[in-house]
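There are 2 protein chains.
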Amino acid sequence: MDVIAENKSHGGRQLVIRHAATTTQCDMTFALFLPPGEGPFPVLWYLSGLTCSHANVMEKGEYRQIAAELGVAVICPDTSPRGDHVPGGDPADWQFGQGAGFYVDATEAAYRDHFQMHSYIMHELPELVFAHYPLDSARQGIFGHSMGGHGAMVLALRNPGVFKSCSAFAPITQPSTAGWSQRAFSEYLGPDKAAWRAWDTVCLIEDGARVEALLVDQGDADAFLEEGLRPQLLAQACTDAGIDLTLRMQPGYDHSYFFISSFMADHLRWHARYL
Amino acid sequence: MDVIAENKSHGGRQLVIRHAATTTQCDMTFALFLPPGEGPFPVLWYLSGLTCSHANVMEKGEYRQIAAELGVAVICPDTSPRGDHVPGGDPADWQFGQGAGFYVDATEAAYRDHFQMHSYIMHELPELVFAHYPLDSARQGIFGHSMGGHGAMVLALRNPGVFKSCSAFAPITQPSTAGWSQRAFSEYLGPDKAAWRAWDTVCLIEDGARVEALLVDQGDADAFLEEGLRPQLLAQACTDAGIDLTLRMQPGYDHSYFFISSFMADHLRWHARYL
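Protein chains in written order, with the numbering used here: chain A, 1 to 275; chain B, 1001 to 1275.
It is possible that part of the hints are untrue.
[As the list claims (entries may be wrong)] Distance condition first, Cα-Cα at most 25 Å in a straight line; then the derived DSS-like pairs of lysine-lysine:
#1 K1008/B to K60/A
#2 K1008/B to K8/A
#3 K60/A to K8/A
#4 K1008/B to K1060/B
#5 K1060/B to K60/A
[Claimed, not checked] Now the in silico label distances, taken between C-beta atoms and shown as ranges:
#6 A1221/B to A221/A: 53 to 61 Å
#7 G242/A to A1221/B: 45 to 53 Å
#8 E1006/B to D136/A: 38 to 46 Å
#9 F130/A to E1038/B: 31 to 39 Å
#10 P1134/B to R248/A: 49 to 57 Å
#11 P251/A to A1020/B: 32 to 40 Å
#12 D1027/B to G242/A: 54 to 62 Å
#13 L1247/B to D244/A: 44 to 52 Å
Rather than coming from a laboratory, the hints here were simulated on the basis of the structure.
We treat Cβ as the ideally placed atom computed from N, Cα and C, and that holds for glycine.
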C-alpha cells in the first residue's frame, strides 16, 4: 500500500493510495478523505461514473468541507481495473472496459480475471482501509453518480445490512435495458440476460431486494435522462416495493460535476442522519 | 464573444467564454460565475497561478456555493496569452511564457505584442463583461493565488479606487527578487530592474502605493514558502506603510487547490464585507 499523495484540506487529510489488488489483478488507486479528529469515523463510499477515476470527484465534488464538518470519511475508488495487461483499454469506447467496470463481478472468460469490481469494493478494499485507518465498519453509507449511482444502489441492495444509507446523483436505474450499458453487461456477464438482473437496481428491487430509503437527485437538463438514466423506472419500482425514495428533479441541472457539487452537501447531511 | 460552456451550479450559472482579444492579440478564454438573481452583482476577480488557465479554480476552487449565497459574481481570467503564434510556448518551462504572464504589460519587443495581461484584465475584459452581463463596476474586488496573488495585489496597488478589496492565497510578494519570476520579468520588462518595481507588490508599497487592507492566507507546509513566496517581506512592507494586513499562517497546508479551497469561503466573506 503506497500513499502517493497527501494534502491537508478543510482541516482533514486527502489521501491518494495505490495498492496491488488481488481481486482485480492489477494496481488500484483510490482517494480517502479523513476528517479532522481521531476517529473512528463513519465511512461514505462514493462510486464514480463512466470514464472517471478516483480523481474526478476528489477534484470537483466539493465534499471535503461538509465531510469535515460532519466528521465523515469519504472513500472514492476507481471505476474499473486498469493497466496494459487489462482488456478493454480502448479510450475511444468510453462505455466499455477500463473506466467502465459497472461494479459487477464478470463471469465471462475474457474479463473475469480483472473485472471484479463488486468483490473489490465490497471485500478487498474495505479490508485494506479498515485495517489501516480509524474507520468504523459498523457505520457505512454508499452513494455515487451515473454508473456509480447504479453501483451504489446495486451494492446496497445486494449486501443488506452493510450500508446504513444509500443515495445517488443521476443514477443509471436499469442498466440491463439501457443502450450504454448493454455491451458491458453482455461482455462481462454473458448473453443470458437472466444473469443481468442481479446487477440491475430496478430488477433487484423487482426480485425482492430492499433498502430502507433512497435519496436521488436528477437534473432535468441532463442529456442522458431519457435514454440512459430513466428515474421513472426507479420511482415505479420503489413505489411497488414500498421503498422510501426521495427523488428530486433539479431544474436546469445537467450531468456534470457542476450538478453533483451543487447537491453534495445535501447528500452528506442525509447520510449523516443514518450514520 | 462565444459562450463555449454553460452549466447550472449552486443555483447560478457557470459560463466559459472565449473572445478575440485586441490587447493580447489572441483568443482569450475566461470563466464567469453568475449567482442566482437578476443583479447587478458585485464582481470578484480571481487571478490564477503559474501553469493555470481559467479552468483550475473553476474546477477545484469551491467558490460557487459561497458566491451564490453572497450574491457575488466571480470572474477567472486566463494567466497569459496563448496560441501557436504567441512566443513562450515551451511547456517544459512552466515559469515563463504561456501560462506565466505575471499580469504585467511587457515592454520588450519580443513579447509586447501579446503579453499585455495588465491591460487585458484592467481594461479590455471589464469592458466586455460589464457590457454583456449584469455586473456592478462600482463594486469590484480582486484576489488570486501565487502568481495570481502577486497579480491581484499589483493590480489593486496600481489602480487605486477600482477594487474595494484585495486578498491572496500564498502570493509571490516580491517577484523582482524571487528566482522563479526573474526570467519572466527580465524578458517581458527588460534588464533595467528599476522598471520591475512597478510590477512588484513589496516595491510598489515601498514606493508609496497603498491599499486599505489585505487578507493573505499562507500554508506553512508550502514548498515554495521560503524561496518564492516570502510573506515576511509583505508583512514588513505593510507594517512600514500602515497597511492593515491580516496574514494567516495555516499549519500543514501546502500550495495546492486543496489549500485554496479550504479558505475560499473565508476570502469571499471577507470581500463581501467591502462589496
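Each hint, compared with the structure:
Our distance criterion of 25 Å between C-alpha atoms is met by K1008/B and K60/A, whose separation comes to about 14 Å. Of the pairs offered as hints, the one joining K1008/B and K8/A is violated, with about 29 Å between alpha carbons and a cut-off of 25 Å exceeded. Restraint check for K60/A and K8/A: satisfied, since their Cα atoms lie roughly 16 Å apart, inside the 25 Å limit. For the hint linking K1008/B to K1060/B, the alpha-carbon distance of about 16 Å falls within 25 Å, and the restraint holds.
Taking the CA atoms of K1060/B and K60/A, the gap is about 6 Å. The hint holds against a cut of 25 Å. A hinted range of 53 to 61 Å for the beta carbons of A1221/B and A221/A is inconsistent with their spacing of about 41 Å. The beta-carbon spacing between G242/A and A1221/B, approximately 52 Å, falls within the hinted interval of 45 to 53 Å. Restraint check, E1006/B to D136/A: a C-beta distance of roughly 42 Å satisfies the suggested window 38 to 46 Å.
Checking the proposed 31 to 39 Å range against F130/A and E1038/B shows it is violated: the Cβ atoms sit about 51 Å from each other. Between P1134/B and R248/A the C-beta distance comes to about 28 Å, which lies outside the given range of 49 to 57 Å. About 34 Å separates the C-beta atoms of P251/A and A1020/B, a value consistent with the hinted range of 32 to 40 Å. Taken as a hint, the range 54 to 62 Å holds for the pair D1027/B and G242/A, whose Cβ atoms sit roughly 57 Å apart.
Take L1247/B and D244/A: their Cβ atoms lie about 50 Å apart, and the range 44 to 52 Å holds.
Hint compliance for this structure: hints 2, 6, 9 and 10 are not met, and every other hint is.
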